[in-house]
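Participant: Protein chains in written order, with the numbering used here: chain A, 7 to 246; chain B, 7 to 246.
Hints may be right or wrong, so weigh each one.
Said to hold, decoys possible - Computed cross-link-like contacts, EDC-like style, restricted to lysine to aspartate or glutamate with a CA-CA straight-line distance of at most 20 angstroms:
1. K120(A) - E32(A)
2. K230(A) - D195(A)
3. K158(A) - D160(B)
4. K152(A) - D145(B)
5. K152(B) - E141(A)
6. K8(B) - E141(B)
7. K243(A) - D223(A)
8. K243(A) - D132(B)
9. K27(A) - D45(A)
10. K243(B) - D132(B)
11. K158(B) - E141(A)
12. K158(B) - D145(A)
13. K152(A) - E153(B)
14. K152(B) - D145(A)
As the list claims (entries may be wrong) - Stretch by stretch, here's where chain B covers chain A in the computed footprint (C-beta under 8 angstroms, at least three residues):
15. 115–124
16. 140–153
In short, the hints are calculated from the structure, not lab data.
Given the structure is predicted, the values throughout are model-derived calculations rather than measurements.
Glycine residues also receive a C-beta, built at the ideal position from the N, C-alpha and C atoms.
So you can see what is in the structure, the chains are spelled out below.
Number of protein chains: 2
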Amino acid sequence: MKIVSLLSGGMDSSTLAASLKHEGHEVSTIGVYYGQSHDRELAFAERSAAMLEIPFTNVNLSSLQAVFAGSCLTDKNVALPEGRYDEESMKATVVPNRNMILLSVAIAKAISIKADAVAYAAHAGDHTIYPDCRESFADIMNRAAKECDWHKLDLVRPFITQTKEDIVVRAHEIEFNLANTWSCYAGGDVHCGRCGTCIERREAFHLASLRIPDIVDPTQYSSKAPSITEMVANDWKLTD
Amino acid sequence: MKIVSLLSGGMDSSTLAASLKHEGHEVSTIGVYYGQSHDRELAFAERSAAMLEIPFTNVNLSSLQAVFAGSCLTDKNVALPEGRYDEESMKATVVPNRNMILLSVAIAKAISIKADAVAYAAHAGDHTIYPDCRESFADIMNRAAKECDWHKLDLVRPFITQTKEDIVVRAHEIEFNLANTWSCYAGGDVHCGRCGTCIERREAFHLASLRIPDIVDPTQYSSKAPSITEMVANDWKLTD
Numbered sequence: 007m008k009i010v011s012l013l014s015g016g017m018d019s020s021t022l023a024a025s026l027k028h029e030g031h032e033v034s035t036i037g038v039y040y041g042q043s044h045d046r047e048l049a050f051a052e053r054s055a056a057m058l059e060i061p062f063t064n065v066n067l068s069s070l071q072a073v074f075a076g077s078c079l080t081d082k083n084v085a086l087p088e089g090r091y092d093e094e095s096m097k098a099t100v101v102p103n104r105n106m107i108l109l110s111v112a113i114a115k116a117i118s119i120k121a122d123a124v125a126y127a128a129h130a131g132d133h134t135i136y137p138d139c140r141e142s143f144a145d146i147m148n149r150a151a152k153e154c155d156w157h158k159l160d161l162v163r164p165f166i167t168q169t170k171e172d173i174v175v176r177a178h179e180i181e182f183n184l185a186n187t188w189s190c191y192a193g194g195d196v197h198c199g200r201c202g203t204c205i206e207r208r209e210a211f212h213l214a215s216l217r218i219p220d221i222v223d224p225t226q227y228s229s230k231a232p233s234i235t236e237m238v239a240n241d242w243k244l245t246d
Numbered sequence: 007m008k009i010v011s012l013l014s015g016g017m018d019s020s021t022l023a024a025s026l027k028h029e030g031h032e033v034s035t036i037g038v039y040y041g042q043s044h045d046r047e048l049a050f051a052e053r054s055a056a057m058l059e060i061p062f063t064n065v066n067l068s069s070l071q072a073v074f075a076g077s078c079l080t081d082k083n084v085a086l087p088e089g090r091y092d093e094e095s096m097k098a099t100v101v102p103n104r105n106m107i108l109l110s111v112a113i114a115k116a117i118s119i120k121a122d123a124v125a126y127a128a129h130a131g132d133h134t135i136y137p138d139c140r141e142s143f144a145d146i147m148n149r150a151a152k153e154c155d156w157h158k159l160d161l162v163r164p165f166i167t168q169t170k171e172d173i174v175v176r177a178h179e180i181e182f183n184l185a186n187t188w189s190c191y192a193g194g195d196v197h198c199g200r201c202g203t204c205i206e207r208r209e210a211f212h213l214a215s216l217r218i219p220d221i222v223d224p225t226q227y228s229s230k231a232p233s234i235t236e237m238v239a240n241d242w243k244l245t246d
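Chain A with its partners taken away, still in its complex shape (with noise of 0.2 angstroms):
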């Protein structure tokens, strides 16, 4: 098949794209700046593209930065929270209608290279507090890429069942190097390991490690990240 991948250069995007590409399909990936700052992510992108030998797209969508409004991922008057996610925490990572606004640029990409589908790395583990991770979202979305252009596709979500565990378990299995993926929304240089999704890539390691013991965790985190003893002692969450 002929897929468009969307890659941010996360874990969960960055093992989709590898992995479509080690079933034989042909991939193309596309990535968006849409004001995020952690922007760093995109770098990681298309050098994981560059690696993988698929075509990466990066559009600069800065200007959404005039619509968004109230999320710390592009908005620096607003903190970003540390710690392991809970409800409240995580409504402030939330960027308004970013998924819809993402999918569609892919399905534009994709109709444009006549692809069989579009792809993107939805997990079991996706907090349903995010409106735009919900079933019914994706339902809907799905009709909606079928119905925008006379050339039909369908939008798929090949990790839907597998948690971010079994995502790290998987590039270990395709032999796709994780150590060029970013998941950090702190906007430093190295993984900060106490944001929210510094603490979620963690564990996920971590607990793939506890099911293949050859697997471990390439991620240079700060100084100021706890030790992995710590979070586990503290069940992942923050101490001071």
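Let chain A serve as the given structure and place chain B on it in line with the hints.
Facilitator: This is chain B only, laid out in the frame that chain A set:
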């Protein structure tokens, strides 16, 4: 109601913003530059919003050109068809998935400012050849607008039962000056009077003037435009 209204600078969306304001709604407008060669329309959008004393957000998504291909509106290598639209000539003017992208950006804006609705100027004359102008697509997007965030909003199409002629009459009723709107796709300094959208504009003014003789078309057309008498005699087809 607090409404975000998509404003391209054309006669339909400009009259819609004016009409919503006239009805007493709190209207914000949003226009998107997606690489259209007729970007002059956005200067008209800005001018109309200023005249109406309503906010206008101009979102520059010019990088979308990287995902659009094959449309004469965004690709200088594709010729702009002249004359009254037919199925084939109109297909060249389709920008892949444009409406989903525009709506998704307007929905993001509406969520950000907690608006009650997003309005757009789909009308009875919208050609069903455009897949993303079909009723089935509008229904799906309306459902998507209710599922993509905690904040629920409606997508509304106040002109959906109106023709372009009716829209000219509506502008006249509320004393909205259509001289400050732009239709032409040819990218020149004045309306070419020959492309499909110019011909629809001229026809709409002509039919409206038969109903209300006070209505005159204030548009300046190129010297290469045929006369109205010729157009009427030729059933709005170009003869040369």
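Participant: So, for every hint listed, does it hold in this structure?
Facilitator: Okay, the hints, checked on the actual structure:
1. For a cut-off of 20 angstroms, the pair hint linking K120(A) to E32(A) stands: about 12 angstroms separates their Cα positions.
2. Simply put, K230(A) and D195(A) have alpha-carbon atoms about 13 angstroms apart, close enough for the 20 angstroms limit, and the pair holds.
3. A distance of roughly 26 angstroms separates the Cα atoms of K158(A) and D160(B); the hinted pair therefore is violated under the 20 angstroms criterion.
4. Restraint check for K152(A) and D145(B): satisfied, since their Cα atoms lie roughly 13 angstroms apart, inside the 20 angstroms limit.
5. Pair hint K152(B) plus E141(A) holds up; C-alpha atoms about 14 angstroms apart against a cutoff of 20 angstroms.
6. Restraint check for K8(B) and E141(B): the C-alpha separation of about 24 angstroms exceeds 20 angstroms, so the hint is violated.
7. Restraint check for K243(A) and D223(A): the C-alpha separation of about 19 angstroms stays at or below 20 angstroms, so the hint holds.
8. Distance hint between K243(A) and D132(B) is unfulfilled; the C-alpha atoms sit about 55 angstroms from each other, more than 20 angstroms.
9. Distance restraint check for K27(A) and D45(A): the Cα-Cα separation of roughly 25 angstroms exceeds the 20 angstroms cut-off, and the hinted pair is therefore not satisfied.
10. In summary, the hint linking K243(B) to D132(B) is supported, as the alpha carbons are separated by about 19 angstroms, within the 20 angstroms threshold.
11. At roughly 17 angstroms between alpha-carbon atoms, K158(B) and E141(A) fall within 20 angstroms of each other, so this suggested pair holds.
12. For the suggested pair K158(B) and D145(A), the alpha carbons sit about 18 angstroms apart, so the restraint of at most 20 angstroms is met.
13. Distance restraint check for K152(A) and E153(B): the Cα-Cα separation of roughly 18 angstroms lies within the 20 angstroms cut-off, and the hinted pair is therefore satisfied.
14. Between K152(B) and D145(A), the direct Cα distance comes to roughly 13 angstroms. Compliance with the 20 angstroms bound is thereby established for this hinted pair.
15. By the rule of at least three residues with a Cβ nearer than 8 angstroms to a Cβ of chain B, the coverage given for the segment 115–124 of chain A holds, with 4 such residues.
16. Three residues within the 8 angstroms Cβ limit are the bar, and the segment 140–153 of chain A against chain B gives 8, so the coverage statement holds.
Of the numbered hints stated above, those contradicted by the structure are hints 3, 6, 8 and 9, listed in ascending order.
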